[in-house]
Amino acid sequence: MSNAAPQMPPSSQNFMSNSGAEMQPRPQSMMSNATPQMPPTSQSLMSNSGVEMPPRSQNMMSNTMAQMPPTSQNLMSNSGAEMQPRSQSMMPNIAGQMPPRSQNISNTSAHMPPSSQNMMSNPLNRMPLSSQTMSNTPAQMPSSSQNMSNTMTQMPPNSQNKISEQAFITNPPVYEQSGQSHIPPLSDYPLPQPGRQYPSAPPMSGQTMTNPGLNRAMPPPMTNYQQGGYPQPGYHNQTDMYVNQRSPYPSGPMSSTENYQPGMQPQQARRLDPEQMPSPIQVIQDDQRTKGGMFVTNQIGLVPPLVTTKFVTQDQGNASPRYIRSTMYTVPTTADIIKQTRVPFALILSPMARVEEGEYEPPVVDMGEIGPVRCIRCKAYMSPFMQFIDAGRRFQCMFCKATTEVPAEYFQHLDHRGQRMDRYERPELMLGTYEYIATKEYCRNNIFPKPPAIIFVIDVSYNTIKSGLVNLLCAEMKSIIKHLPVDVDQTKSNMKVGFVTYNNTVHFYNVNPCLTQPQMMVVGDVQDVFMPLLDGFLCDIEESETVIDSLMAQIPAMFADTRETETILAPAIRAGLEALKASECAGKLIVFHSSLPIAEAPGKLKNRDDRKLLGTDKEKSVLAPQNNVYNNLGQECVDVGCSVDLFVFNNSYVDIATISQICRLTGGEVYKYTYFQADVDGDRLVSDVITNVSRPIAFDARMRLRTSTGVRATDFYGHFFMSNTTEMELASIDCNKAVAVEIKHDDKLTEDEGVYIQAALLYTSCGGVRRLRILNLSLKTSSQMAELYRTCDLDAIVNYFSKESVFKVIESTPRAVKDNLIARCANMLAAYRKNCASASNAGQLILPECMKLLPLYVNCILKSDAVTGGSDMTIDDRSFVMQAVATMPISTSVVYMYPRLLPLHDVDPDSTDLPQMLRCSIDKFTEDGAYLLENSVHMFLWLGVALSPQWVKAVFDVPSVIKIDTDRNTLPILDNSLNKRIREIIDQIRIERHRCMRLTIVRQREKLEMVLRHFLIEDRGNDGSPSYVDFLCHMHKEIREILKP
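If you count the sequence shown from 1, you need to add 8 to reach the numbering used here.
Don't read these hints as lab results, they were simulated from the structure. One should not assume that every hint holds.
[Claimed, not checked] Straight-line alpha carbon distances no greater than 30 Å define the calculated DSBU-like cross-link-like pairs of lysine-lysine that follow:
#1 Lys490 <-> Lys500
#2 Lys387 <-> Lys752
#3 Lys816 <-> Lys1045
#4 Lys826 <-> Lys988
#5 Lys490 <-> Lys971
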């Protein structure tokens, strides 16, 4: 083979992500000039008895071998790790023939299915080409010798349903009823090296940005390059890993001559099927079948359905899993078991989550002047866990065991079972979730709060005027503010609104309904911003409708000719803070900002854009805030109940890592629209703002977690501020945010009592009512480790791991975070194997049933941009996704870590259900297909080159795929059922996400395809990150190391 390798597809153009996040195409790992490692020449053959025969010594090969042909170049394992040659000295006597399946060595010797990207096989089970015979060897291999199934007999599974090495080739893994999953023998598989750094390429010089947005760097064209790898004597520049990138979409039935090349024998040997690996889709389907429908919360430690399952919660004493989930529902009685297993004990709380159809909002209990009834010692609130004694005159707290006198106004007699006679009339004695009306003691300064306000803070500098942002916001403001949230039992919103604009000064507006025209007041002293007016700034949207309309018409005209490019930010936020403080109400600032704040003012920032640091030990120097101005301002905001959401419209570096600290501390979030243009991205922005202001939200909140004796909350992850070790302060929290809390043992537990948890959220509603939302959860306890593994919630574990990881990255190094996650995953599975699984040989990988997807999901975390995003993306993109992951509820983190892939080419236009989800691998793509891929942040529509012209005409109104305009981000509205159904599917998915994802159309074999492939999480990454199969094998190796005597 020539040393000149095939040309890599050209660099991807930049394009806008659906979140607006700027992304760079991910570089290839194969760009190192190091000579690649060649795999061994053969795998072992099976004799007819099914016993593995040692192969023939390698030195018997001809010393005058020619270089391997291109089709034999695809031999590297997906991990890129060095592969050890197998001895061939005892090859069965086949008269000097070449050993079979030399192309598929790394996978078959491991007894694991290959990554779909590394074998060029299609979903139709096409076999890879046989390698050409070596030059100067006397005979070519007959095709019959290449088919392992002809030279072996299948061994039946043993009595424990473990799969023998022979049976694995044709049979899927067996999952035992006892709750453990058996993966076939994995010994001797070439494994990825943990923490290995893969070479990456810089962005192409002179790269144009014709498709604004997702700015992920692509490697430059590779000419005369050598693949990265490890040197191995005797092999030179023969591994063409990029061959799978060139033509990975075979479609149609395989003909007898297909893929035949002169001098090559047809390959008939089987390849290992990736479908045999534990599938998230199968798990989702099984859970829907077994746990869909009604979920009744009347049992202690009852494991809820998965978040992907459609179910209706019937609250009978434990809070709905939509509000609170635990990583485990049977808690070990000792800390030693937790230490051995390393399974995290954590809670994921989303206290303002939406209820589903058929469920009820938490009932509101008004106790009048006496207020909520609480334990005298630990201050826990009355709940179904409390036990009434002494004929109902006292109750014992299940959290701290103290007894408390029942207030006279609350007294009720007990029945013959010791239960209160009015039990069924009181939500706090029957339900897991309910609310109390708070008394003055629970309010700031003992004064009942006013209705909260929303203040729109708009950047009116040159960039926002030019992009059309200011015109768009002013034109749509009337429809936006009509969506303000309405409180329970109210018919209209009580929330007030106010308006601030800024460039290098701050402008307040008086929209008092008594005025005929709005008044503008300019504060030029940005060093010490103050509130220039008291009355008229915050207004009722109905009373001031005419004045607001006039203001929205005047703002674009006032700043139309501005040339101001240097902007401020911190003084504008302080302006909103001072306005809320002066009005003595809580609220939220929605800030629309465009550029790095470089004007002379508090919060001025330096440009420290150095993406080469990402992925290195120095990355925290650009991912941590560069000063404390925004942290300090955030703490001031929390003190007055002021939350901040940042809508960023950047054309260059804006330092989200620093300015987003104010969102992190106040319970807010960041939205990002890189290269925003109103005509292209306007609808998406307006949708996001309306969703933001209309969703269920709590203002000026405090949340505290109480646990029963023996365990306590220790670590907290999310967007909030903590001034002490027990209470989270949230200027706001909405239905799309979750916090993670780690629980640790501080004493031994008893097996008969259980663990009780109560989360209390004190907040001001959108109607200005001070309330307490109480969430109760009871968990079992056990001294048996096996019980722990039977009752874990893997989705909650993954959510906790991801939140922990993005916070640890700021404190530690990426290598340490990855290694810790890998070690923890291996320890969790090794402890199960050692203490809970039935005896089996070391070559068997055994997984607990509820954790059989743990290796897949941990690999997803390790491959996610939030945890390991490198120099192929911008620093702002990395900071943006880190912020997003830090607040994700489980329903969002599931699809972010394992994206959803849906086929659209065979959609039934009359159906109302979403298409069946596919495994996230290029193996599922066909040339005549159309597929939708989404992960809650990005959405891609991939179109195969052989897609039916009829489908293309119906959906896009063009004659062929090549005529589709891939720069557009919407589908045309056509009068046919298929076009309507495809648009409905896209809209339905967008409704499920709180950010309106930008649709990116990708045509097969074009530039943007490499960006889409980054999200095909089961395949080997463009950067060399391991495939699902590789990582599963690596886990097996780690487990065996741990279990060595």
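Against the structure, the hints come out as follows:
A threshold of 30 Å between alpha carbons decides the hint, and for Lys490 with Lys500 the separation of about 10 Å falls inside it, so the pair holds. Note on Lys387 and Lys752: the hinted pairing holds, with a Cα-Cα distance of about 21 Å set against a maximum of 30 Å. Under the criterion of a C-alpha separation no larger than 30 Å, the hint pairing Lys816 with Lys1045 is consistent with the structure, at around 26 Å. Taking the CA atoms of Lys826 and Lys988, the gap is about 44 Å. The hint is violated against a cut of 30 Å.
For the hint pairing Lys490 with Lys971, the CA-to-CA distance comes to about 41 Å; that exceeds 30 Å, so the pair is violated.
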